[in-house]
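We have chain A; now place chains B, C and D onto it with these hints.
Chains as they are written, first to last, in the numbering used here: chain A, -6 to 283; chain B, -6 to 283; chain C, -15 to 365; chain D, -15 to 365.
It is possible that some hints are incorrect.
Stated by the list, open to error - These stretches of chain A come out as covered by chain C in the derived footprint (C-beta under 8 Å, 3 or more residues):
#1 76 to 85
#2 115 to 121
#3 171 to 178
Unchecked claim - As a list, the in silico SDA-like pairs of lysine to any residue whose alpha-carbon atoms are at most 25 Å apart:
#4 A:LYS236 - D:ASN222
#5 D:LYS270 - A:PRO68
#6 A:LYS36 - C:THR103
#7 A:LYS236 - D:ALA113
#8 A:LYS15 - D:ASN330
To be verified - Partial list, computed: chain D residues near chain B (C-beta under 7 Å):
#9 GLY130
#10 GLN132
#11 TYR134
#12 ARG137
#13 LYS138
#14 TYR141
#15 GLY151
FYI, nobody ran anything at the bench for these hints, they're computed from the structure.
All residues carry an ideal CB built from backbone N, CA and C; glycine is no exception.
One-letter residues, chain by chain:
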Amino acid sequence: MSILVDNDSRVVVQGITGGEGKFHTRQMVEYGTNVVAGAVPGKGGQEVDGIPVYDTVDRAAREENADTSVVFVPPAFAADALFEALDAPLDLVVAITEGIPQQDMSKVYRKLRETDTQLVGPNCPGVITPGQAKLGILPGNIFESGNVGLVSRSGTLTYQVVDNLTKRGIGQTTAVGIGGDPIIGTDFVDALEMFENDPDTKAIAMCGEIGGEDEEEAARYIGEYMDTPVAGFIAGRTAPPGKRMGHAGAIVSGGGGTGTAESKIDALNDAGVPVGDTPEEVVDHIEGFL
Amino acid sequence: MSILVDNDSRVVVQGITGGEGKFHTRQMVEYGTNVVAGAVPGKGGQEVDGIPVYDTVDRAAREENADTSVVFVPPAFAADALFEALDAPLDLVVAITEGIPQQDMSKVYRKLRETDTQLVGPNCPGVITPGQAKLGILPGNIFESGNVGLVSRSGTLTYQVVDNLTKRGIGQTTAVGIGGDPIIGTDFVDALEMFENDPDTKAIAMCGEIGGEDEEEAARYIGEYMDTPVAGFIAGRTAPPGKRMGHAGAIVSGGGGTGTAESKIDALNDAGVPVGDTPEEVVDHIEGFL
Amino acid sequence: MKLHEYQAKGVFADAGVPVPDSKLASTVDEAVDAAEDIGYPVAIKAQVQVGGRGKAGGIELVDNAEEAREAAENIIGMDLKGLHVDRVLVEAAVDFVNELYVGVTMDRNEGEPVAMVSTRGGVNIEEVAAEDPEAIEREHIDPAFGMQPYESRKAVYEAGVDREVAGDVASVLRTLFQLWDDSDATEIEVNPLMITADGDVVAADAVMNIDDDALFRHPDLAEMEDEAAEDDLEAKANEYGFDYVRLSGNVGIIGNGAGLVMTTLDLVDYYGGEPANFLDIGGGAKAERVTNALDMVFSDENVDAVVFNIFGGITRGDEVAKGINEALESFDEIPKKVVVRLAGTNAEEGMDILNTDLVTVEVTLEEAVQRAVEYAEEEAQ
Amino acid sequence: MKLHEYQAKGVFADAGVPVPDSKLASTVDEAVDAAEDIGYPVAIKAQVQVGGRGKAGGIELVDNAEEAREAAENIIGMDLKGLHVDRVLVEAAVDFVNELYVGVTMDRNEGEPVAMVSTRGGVNIEEVAAEDPEAIEREHIDPAFGMQPYESRKAVYEAGVDREVAGDVASVLRTLFQLWDDSDATEIEVNPLMITADGDVVAADAVMNIDDDALFRHPDLAEMEDEAAEDDLEAKANEYGFDYVRLSGNVGIIGNGAGLVMTTLDLVDYYGGEPANFLDIGGGAKAERVTNALDMVFSDENVDAVVFNIFGGITRGDEVAKGINEALESFDEIPKKVVVRLAGTNAEEGMDILNTDLVTVEVTLEEAVQRAVEYAEEEAQ
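Here chain A stands alone, though its shape is the one from the complex (with noise of 0.2 Å):
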C-alpha cells in the first residue's frame, strides 16, 4: 500500500517540452512512472521520448486515459496550468513549479476547493512510493520500499532524511513534500490522514519549518485522531522575524512573532510527538517506533 501515487497512476506531464520538464519526465519513466502523455500548447502531435504530447490537457487526460498531473510549467504561466489540470479533470495534480505568485495560489486554491481533485505543492518536490512510482524531482535512488510516511515542506530536508532511514534499513510507503509556499493543495493534516488510512504505513516522519500554523493544526489533529505514531523535525529555530527564508512560506512574521519554531514544537509535544533538534534525531525516535 500507498498514498496518492502507485504504478497504476496514468501521468501527463504539463511542461514536457521545457527543460526541466524533458529532464525530468525521463527521470520519472526510468523510475517506472506510467507517464502517459505531455501537454504543452502548441505542441500537440509531438513526441518526447516517445510519449504523445498534446495541446491541452483535457485532449491528453481523454486520449490517454491520465489521472495525475506532474506541472513542470514556469511561474507565470503556472496558475493557468492548474486551473488547466483542475478542469480536466485529474484525480491528482503535482505542482513542481516554484516562484508562483501568492495571488495567483490564492485564486487556484477557491478553484481547488470546488473540485474532488488533490492537488500537492506548489513548490514542492513531488511525491514518491518506493519502487513503484514518482511525480516530481526527487531523486528516486535513495528512497527504498518499507513502512515509514514521511511529509515535509522542504526538498533537500526530506532527502536528507530520508537518506538517514534508508542508511539504517528503515524503508518508505511514501514520501510527499508539500512545499514551501505560503498557499499549498495538501496540507501535513490531509498527507497525515492518508497516512493514517494507510495499514502500511507504522510511523510518520513529518518535517515541518517556521511561517503559518500548519504544523500547529497538524499537532491538533495528531493529538485527536491519529494512532500512528509521529515524530517531527521543525527547522528554522534561528530564523529572525520579518525575513523570508527561501522558501516564501518560511517566515516568522514580526512584532506579534506567530509561525515561530517553538510555537510549533511546542505545540507538536503537546500532542506527544517527539522533535528532534538533528535530522538524526528524528530517524533515531523512528527507529523506536518500529
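Chains B, C and D in isolation, oriented as in the chain A frame:
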C-alpha cells in the same frame, strides 16, 4: 399553506430609506408583512415608521432575527446589496430592482449557487401569500386567498391574470413574480416544484414570455414530475427577433430564432399544458381544473 | 445597444484586435476618396444593423474608382430590409485563406458567459448552430474568475483551428472576452475572423451589443448610442426613457409593464390587426409621460388608431385616469382615435373620470383591443 | 520586498489614499529646507524598515527650523536597531482626534486575503491582536470576486468606527484592497490611519510588502527594489539571484534547499555557534554559482568560517564536487576556512574528488557544522 413567504417571515428591507423603499415598506406592513428591520449604509440608528434601520444587513439580521430581505436598492448598487444579503445569510431574498447590469447578475448568480439562499428576481414585482404577507410591490388588494398558485415573468400581466381569477372567485395560495431579467434566481422549475409540494395548491397559472429557455425547461419538468395541473400563457408572439421587448430578458435571438413564443407554446402543449390565447382563456383553463 | 459595424471595429481596434483599414463615408464622393486612400480592392459596406447584408446587395467588392463610385451610388440611400442606408464603411479587402467564427455571449440558462469558436465562419452561424451544433466549440467561462488563458486555447484547439494560427486566434478570443467584460457587452461576434495566406488574423466583421442597463458606467459607449439607433422614433424613445420597439403595423399600443404590453400586441394580432409598436410607459401614469407616449405613437405615420392599456396596481385607476385626461387635453386635436382600458385598483372610478369626448373607454382588455383594431381598419380605408 | 515608508506613501498617493505632504531628505540641510517648505509642525522620520522607530528615537516632531535641524542631525546617520539611517521623511504633522488601524494581508491558512480594521490604531497592532483579538475586525475576501463594497462597510461598522467617518474609512479600505490586488502585495497596513478634527482621513504611516515572486509583472515596483534593500549584501544577493538573509553571527552558511539551509543554521546554533547568514544556492552547484556564493559570504566581514552543506539529489555528488573545486581554485586565497559536507547521490565519490588542500571535508551534517563552529571560534580569538 403557501410557498416562500407567510406570517412567520421576518423581513429586512434593503434600501428602506429611499422613496420606493419607504413607500412599499409601508404598503407591506399595512398588508400584514412582518418587516422587522431596514438596512441602509450610513443610516444605522434611524427609524422608518418605527422600524429600526441598521448599517449592514448582517447586523440587521442578527439583531432582529430576520430571515428574508426585500431589495429596493438602485441598480448601480444592487449587486452589492445582493452579495450582502447572501453573505448575511438569509433564507429568502426578493430583488425588486430593475436594470441591474447583466454581468453583475452573472457574478451574483455564481455566488448564489454556493449558498442555501433562495433568490427571487431581480426585476420582479415580488411574492405574495394572500392574507398573510407580501414582499415587494404587488398591489395586495387584487389578491384573494385560495388554492391557485401563480408564477410569472411579468408584473402587470400577473396582476391581469390575478384580477381575472379573483373576479371569478378563484383565490391564490401564493403568487411569485420571478422577474423579467435574463439571469434570475428562482426560475419556473424552482417555483413549480415548490407549488407541486404545497398541498393547498390545486392548480397553477404560469405566465411566460419570449426569450431564453426557461419555459421549455419548465415544460419538460411538468411533463416528467408534476401532478398539479398547470395552465400557461406566453407573451410576445408578435415580437420581432433581436429586439428587447421592455424586459431585458424578453428577446428572441436573431437569425436562428431561439426563445420564440412558438417554441415555448409547443413545449408546453407537448407536456399537456394548455396555453391560453388571451389572459381570460388561461383563467378558463384554471377554472376547468378546479 | 447594438453598435454599428464601424463603431464596433473602432472599439476592437482600440482593444488590440486586428481589423482592416477602413473609413466611414456618407456620400458617394467620400466613399470614392476613401477607396482611393485605402487602395483597391476595397469592400463598400452598408452600415445598417441587419443580417445578410451581402446577399441583399449591401456589400460590394470593387477594384477601381469607377467601380467604387458605382457601388457607392447603389448602396448609399438604398433601402436594405426596410432600413435606409445613410453611411457605408469603405474597407480594405482581406485576401483570406480561411474564415473562422469567434464570439462571446451570455448563456442565460447558466448565468455564465460562453466563448465560441468555429471553423465554419463566413456563413450564418445560427444556421450552423441549428444544423450542426458540434461545429461550434463552446467554452463556459466562470464569471468570478474571468477567462483563463487555457480556456481560450481549449476552445480554439477543440474547434479544430490550424495549429499555425491557433495561438493568435486564442489571443484574439481572450482580447474579445476582456472587451466583453470591460464594456458590459451582452454579445460580441466576429464572423468571419479571416486568416490570411501569411497567417495573419483579421476581424472582417464586428458585432457588439452593449447591455443597456450598464451604459451608465460606460460614458464613452453611451455616447455612441444616438448614432447606433436605427430609427428616429427609437432615438426619441431613448430621450423620453421609454422601452419602445417600432413595428410595421397600424395599431399604436401604449401600456404599462413589458408582459402586459407584449400581450396587448399579441391580442391586436389575434383579433386581426397589426401592431405598430411596443411602448411601455412603466409604473404610474403622470400626465407628462402619457403626453410623451402619445406624441411617440402619433409621430409614427403608419398609426391609424391607438390602444391604451393600463393596469393600475399600487397606482390607483382614478389617478391614472386623471393623468390621461390631462395629457389628452393638452392636444389641440387628437389625430387618431384612442381606446383606453383601465384595470386593477379603482379601475371603475378611473373609467368614470375618463373624458369620453376624447377617448373611447372599454372595460376588458379583449374589448379594447378589438375596438382599436376596428378603428384602425376604418381609418386605413 | 518591503517598501520604505516614503515609497509606500508614494504608491498610496497615486492610488488615491490621502497621505500628508512630505519630502525625502538625505542631508540635514535638505531636511530643514523640506520642513520650511511644508510648514510646521512637521515630523522627521527615519527611513529604515524596523518597527518601533518612534520609541527608538527615529521620529521627532518639530515646530521650527532650529528644532528641525537638531532633529535631522540626531536622526540622519544614527544607528537604529542595527540599521544605519541614510534618509529621513519630512512630513506635515497631522492634528488628529482618532487613530485607526486598517490593513489587508493574506490569511495563508484560508488561502484568502483578509481585510482588517481596528479603532486601536497608533499602537503595536500585533500586541493588540495577541491581547484582545476582538479589537480587530477581520473580513475575509473571496479571491475570485475581490472585495465587494459591502465587505468594506461591514468591516468598518463592526470595528466600531464612528458613523461620521465610516464611509470614508470604508472607501480607503477598498482602495487599499484594490492596491493590494493590483500590485501583488502580500501585506498593506496603515497604522495609524488618522482622523482629523474636520473628519478627514489621512494615512500617517504606510507599510507595503510586495510578493517577490510577482515582481516580474510590476516593473514599476521592481525598480524600487534596490532602494528598498536594507543592506548592501542583500542587494548583492538580489543581483546574484540568491535567497539570502543576513544575520549577526560569524559562521557563514551555504547550502541547497531552504529547509536544509535553515536546518544548518539551527545546527550551528545547537552546537554553540552563531550563524552569519542564510544562503540558498538552489539546485545543482555550477562553479559560477559556488564562486558567487563564496564571494557573498566572504564579503561579510563578520564571517570567521564557512560551512558548505549540499545534498545531491538529481545532481550527482561528484559533479557538485567538481563545481566546488573549480570555484575554490578561482580564489587566490581562501580568506576563511571552509568545511564541506556532501550527501546524497554519489556523495562518496564527490568527497573523494574535493580538494582537501582548500577545504575540510566532513561526512555528516552534524560533524560538518561542529567543525565549522570550532574554526569560527578559533578565528574569532
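Checked hints:
1. 76 to 85: This one holds; 3 residues, not fewer than the three required, reach chain C with a Cβ under 8 Å.
2. 115 to 121: Violated - the segment 115 to 121 of chain A has 0 residues with a Cβ nearer than 8 Å to chain C, which falls short of three.
3. 171 to 178: Check failed, 0 qualifying residues.
4. A:LYS236 - D:ASN222: holds (14 Å)
5. D:LYS270 - A:PRO68: holds (23 Å)
6. A:LYS36 - C:THR103: It holds: about 20 Å lies between the C-alpha atoms, which stays within 25 Å.
7. A:LYS236 - D:ALA113: Distance of about 20 Å is within 25 Å: holds.
8. A:LYS15 - D:ASN330: holds (23 Å)
9. GLY130: This hint is violated: D:GLY130 lies away from chain B, its Cβ roughly 10 Å from the closest one there, beyond 7 Å.
10. GLN132: Hint holds; D:GLN132 Cβ to chain B Cβ min 5 Å, cut 7 Å.
11. TYR134: holds (4 Å)
12. ARG137: holds (5 Å)
13. LYS138: holds (5 Å)
14. TYR141: holds (5 Å)
15. GLY151: Because about 6 Å separates D:GLY151 from the closest Cβ in chain B, which is inside the 7 Å limit, the hint holds.
Comparing the model with each earlier hint shows violations of hints 2, 3 and 9; every other hint is respected.
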